[in-house]
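Asks: If you follow the hints, you should be able to join the two separate chains into one complex; please do so.
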Amino acid sequence: MPDPNYERMCSLSRRSFLKYCAGLASLLSLPATAIPLIAEKLAQKNKPPVIWLSFQECTGCTESFTRSYAPTIESLIFNFLSLDYHHTLQAASGEAAEAARLDTIRNHKDHYLLVVDGSIPVKDNGVYSTIAGVTNLHMLKEAVNSARAVVAVGSCAAFGGLPAARPDPTGAMSVTQLMDDRTLKQKPLVNIPGCPPLADAISAVLAHYLTFQRFPELDNLQRPLSFYGHTVHDRCSRLSYYEDEKFAESFDDKGAREGWCLYKLGCRGPVTHNACASVKWNNATSFPIEAGHPCLGCSEPDFWDRGDFYTDLDHLAVASKSAASAQQGQQIYESHCVYCHSINASEFSASADEIVRLLKDGNIRSHRGIELDNAQTESLREFFLRLKR
Amino acid sequence: MFQYKRCILYTALMSLLLTPQAAIADKQPVFSIYDTDHNGYLSRAEYAMFSEKMHRHRRSSNRPCPEILEFSHVDHDQDGQISESELLASLNKGLQKRRRYRFKNGAE
Chain A
-3 MPDPNYERMC
7 SLSRRSFLKY
17 CAGLASLLSL
27 PATAIPLIAE
37 KLAQKNKPPV
47 IWLSFQECTG
57 CTESFTRSYA
67 PTIESLIFNF
77 LSLDYHHTLQ
87 AASGEAAEAA
97 RLDTIRNHKD
107 HYLLVVDGSI
117 PVKDNGVYST
127 IAGVTNLHML
137 KEAVNSARAV
147 VAVGSCAAFG
157 GLPAARPDPT
167 GAMSVTQLMD
177 DRTLKQKPLV
187 NIPGCPPLAD
197 AISAVLAHYL
207 TFQRFPELDN
217 LQRPLSFYGH
227 TVHDRCSRLS
237 YYEDEKFAES
247 FDDKGAREGW
257 CLYKLGCRGP
267 VTHNACASVK
277 WNNATSFPIE
287 AGHPCLGCSE
297 PDFWDRGDFY
307 TDLDHLAVAS
317 KSAASAQQGQ
327 QIYESHCVYC
337 HSINASEFSA
347 SADEIVRLLK
357 DGNIRSHRGI
367 ELDNAQTESL
377 REFFLRLKR
Chain B
18 MFQYKRCILY
28 TALMSLLLTP
38 QAAIADKQPV
48 FSIYDTDHNG
58 YLSRAEYAMF
68 SEKMHRHRRS
78 SNRPCPEILE
88 FSHVDHDQDG
98 QISESELLAS
108 LNKGLQKRRR
118 YRFKNGAE
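Chains as they are written, first to last, in our numbering: chain A, -3 to 385; chain B, 18 to 125.
With the rest of the complex left out, here is chain B (with noise of 0.2 Å):
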C-alpha cells in the first residue's frame, strides 16, 4: 500500500518536472486569437497570418479600412514578437489618439 502512495507521488511529481512550458500556457487564456502556439506573444509569422487576414477583409469589403499596424512599430523591444503589453501600449495609443481633442474645456 505505502509503495502503491509513493508510486503515485513520484509519477506526479515527475509529471509536473517533464510538462513543457507550452503545455502549461496551454491552459492560460490567450490575449489574441493569432497566438496559435499559445505562448504568449505574437511571433511575426503569427502577425503575418493576422495581417494576410486583415488584408483580405480590406480588400473583400470595399471600403475604407483602417490601417493596420506595422509589427516593427508595436514590438518596442525589437526581440522579434509582440507581447500582450506591447499590443496594449500601441492599441491605447491610438485610442488616445481619438480622443485628444475630447472635453478640453472640462464638460463631458
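The shape of chain A in the complex, shown without the other chains (with noise of 0.2 Å):
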C-alpha cells in the first residue's frame, strides 16, 4: 500500500521519483512495466530490516555504498529500509548497537535481508576476527539462521577477496563457501562483488528485492546477469583502439596519452564481468580504464592471486597454469571446438596432455588446419586439466 505522505517524507517530487524508478529499471534490465511496480513497492509503509554485518573488510564497501546516487543512501536508509544494524552507519554503539541486532534477528524472525560485507575467517575456530567478544563465524550463522535471504556485497564476502589471498593466514572464506559446505544455513544468496562494488549494483539489487521479494536473475557465480553479464572489455571506452590494435606500451607513452586501450599494460577487462564500463562510478562520471588505469579484474573470484597486475593477459595466460588461462581455454573451446565436438567438453574420455598431443601431431585433418598457437594450446590444456580434476 503506497504511503500518501510519500512525497513529503523523502523531499521527492512525484516526477523526480518516478524518474529515479525508471533508472532503477533501466539499470536491472527490466522492462518499462516494471516502473510502477517498483515505485509501489518502494513507497509501501512497512520498511523492510536490514542488518549489515562487516567481517574481515576494509569498509570500501561500505564507503562505495554511500555514493550511491540512483538511490542515494539517504534515501535508502530513511525511506526504503529499516537499517537495524551497520557498524558504520548506525548511531548507536556498544551494548545498544548489539541489542538492535539481536531485536531485529528475534523480531524478524524469515523477514529481514542480511548483508554481509567481508570474508570470514574459520581457521583456529574464527579466533582471528571478534565483534563484541563473538567470533565471525558464530555471529554470521545465528544472522543468516534466521534471514530471508543474504547479499555478499564485496569481492571478500563473495569469493574471499584479499583476506583469502596467498598465504591466507586466517582461513578466510566467502559466504558462499560456507553455504555450500554446510556450515551455514543454505539461504537464497546474490553476490555483488567488486573491490568495492559499483554502489548502484548494490542499491539496485536491494530495490529489486523489495520489489519483487527475489532477487534479478544470476549467473553462475550468483552475481545478477544485469551488472555482471558482460566483460569490462565489451563495453570500454577504448574498445575501438583494441580493435584497431592501438596500445598503450607503457603509462607515459604516445598510446597512454591519447588515450589507447591499456591491454599491455595488464588491463583484465577482458576476463572480468562487471558493469564499470556502463554504470561508471560517482554519479557515473568515469571508471578506472577511462581515467587511464587497466581493470585489475576485481569482481572476479581469487583477482588477488592471479598473477602481476601489471602483466598482460596473453603472457600471463604462457607463464602460469592460472584459472585466467583456464577460463581463456573455456572461451576458445565454447567458441571454436564446439563446432566439430561435444558441447560438453567432460565427455572427452582422453586426458588434456593427450589433447594438446593430438591437436599438435597434425594427424586429425581437421586439426591440422586449426591455427591455435602456444598460449591457445596451453590455455585449452589449462581448462582440461581444470575439467578432469
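The set of hints was computed from the structure by calculation and includes no laboratory data.
Even for Gly, the Cβ is constructed at its ideal location relative to N, Cα and C.
Please note that a few of the clues may not be correct.
Unchecked claim - Over the 10 Å line for every Cβ pair with chain A, so calculated as not near, a few chain B residues:
1) SER49
2) HIS74
3) HIS93
4) ASP96
Claimed, not checked - Facing chain A, from chain B, some residues (calculated, C-beta under 7 Å):
5) PHE48
6) LYS70
7) PRO83
8) LEU108
9) ASN109
Claimed, not checked - Derived pair list, reagent style DSBU-like, types lysine-lysine, alpha-carbon separation capped at 30 Å:
10) B/LYS114 with A/LYS250
11) A/LYS242 with B/LYS70
12) B/LYS110 with A/LYS356
13) A/LYS242 with B/LYS110
14) B/LYS70 with A/LYS356
15) B/LYS110 with A/LYS105
Replies: See the structure below:
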C-alpha cells in the first residue's frame, strides 16, 4: 500500500521519484512495465529490516555504498529500508548496537535481509576476528539462520577477496563457500563482487528485492546478470583502440596520452564481468580504464592471486597455469571446438595432455588446419586439466 | 572353378560400381559430429541442430557464452552448405583476432 505522505517523507517530487524508478528499472534491465510496480513497492509503509554485518573488510564496500546515487544512501536508509544494524552507519554503539541486532533477529525472524561484507575467518575456530567478543563465524551463523535472504557485498564476502589471498593466514572464507559446505544454513544468496562493488549495483539489487521479493537473474557465480552479464571490455570506452590494435605500451607513452587500449599494461577487462564501463562511478563520472588505469579484475574470484597486475593476459596465460588461462581455454573451446565436438567438454575421455598431443601431431585432418598458437593450446590444456580434476 | 572365380570378381566389381557415394563417405572420418549424414558438409538443417543445442547450453549455463557464428557468415561460397575448409577459415579468423595484439614487440 503506497504511503500517501511519501513525497513529503522523502522530499522527492512524484516526477523525480518516478524518474528514479525508471532509472532503477533500466539498471536492472527490466521492462518499462516494471516501473509502476517498483514505485508502488518502494513507497510502501512497511520498510523491510536489514542487518548489515562487516567482517574481515576494509570498509571500502560501505564507502562505495554511501556514494550511491540511484537511490542515494539517504533515501535507501530513511525511506526504503530499515537499516537496523551497520557498524559504520548506525548511531548506536556498544551494547545498544548489539541489542539492536539481536532484537531484529528475534522480532523479524525470516523477514529481514542480511547484507554481509568482508570474508569470514574460520581457522583456529575463527578467533582472528571478533565483534563484541563473538567470532564472525558465530555471528554470521546466528544471523543467517533467521534471515530471509543474504546479500554478499564485495569480493571478500563473495569470493574471499584479499583476506583469502595466499598465504591466507586466517582461513578466510566467503559466504558462498560456507553455504556450499553446509557450515551456514542454505538461504537465497546473491553475490555483488567488486573491490569495492558498484554502489548502484548494491542499491539496485536491494531495490529489486524490495519490489519482487526475490533477486534478479543470476549467473553461475550468483552475480546479477544485469550488472555482471558482460565483460568490462565489451563496453569499454577504449574498445575501438583494441579493435584497431592501438595499445599503450607504458603509462607515459604516446598511446597512454592518446587514450589507447590498456591491454598491454595488464588490463583484465576482457575476463572481468562487471558494469564499470557502462554504469561507471561517482554518479557516472568515470571508471578506472577511462581514468587511465587498467582494470584489475576485482569482481572475479581470486583476483589477488592471478599474477602481476601489470602483466598482460597473454603473457600470464603462457607463464602461469592460472584460472584466467583456463577461462581463456574455455572461451576457445566454446567459440571454436564446439563446432566439431560435443558442447559438453567433460565428455572427452582423453587426458588434457593427450588432447594437446592430438592437436599438435597433425594426424587429424581438421586439427591440421586449426591455427592455435602455444598460448591458446596451453589455455585449452589448462581448461581440460581443471575440468578433469 | 574358373566360373566360380569369375563370378566372385564380377560381384566385387559390381558392388564397387553400385555403392553409393554416401556409403563410401561413411568410412571417412567426419570433421564435425553434427555432419550426421557423413557427406563431408554441414547442411542448413545440421547447422540448425547445432545452433539449437548451443542455445540450450547458453540458457542452461546461466553465464555469458560466446556468440554462435551465423550460417551465412561461414558459408563463404553461398552454396547452402558448410565445408570443412569454410569452417576452418571462419574459426581461424576468430583465433587470429584473439591473438593479433600479442607479441607486437617481437618478444614471445
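Asks: Name the hints, by number, that the structure is in violation of.
Replies: 1, 2, 11 and 15
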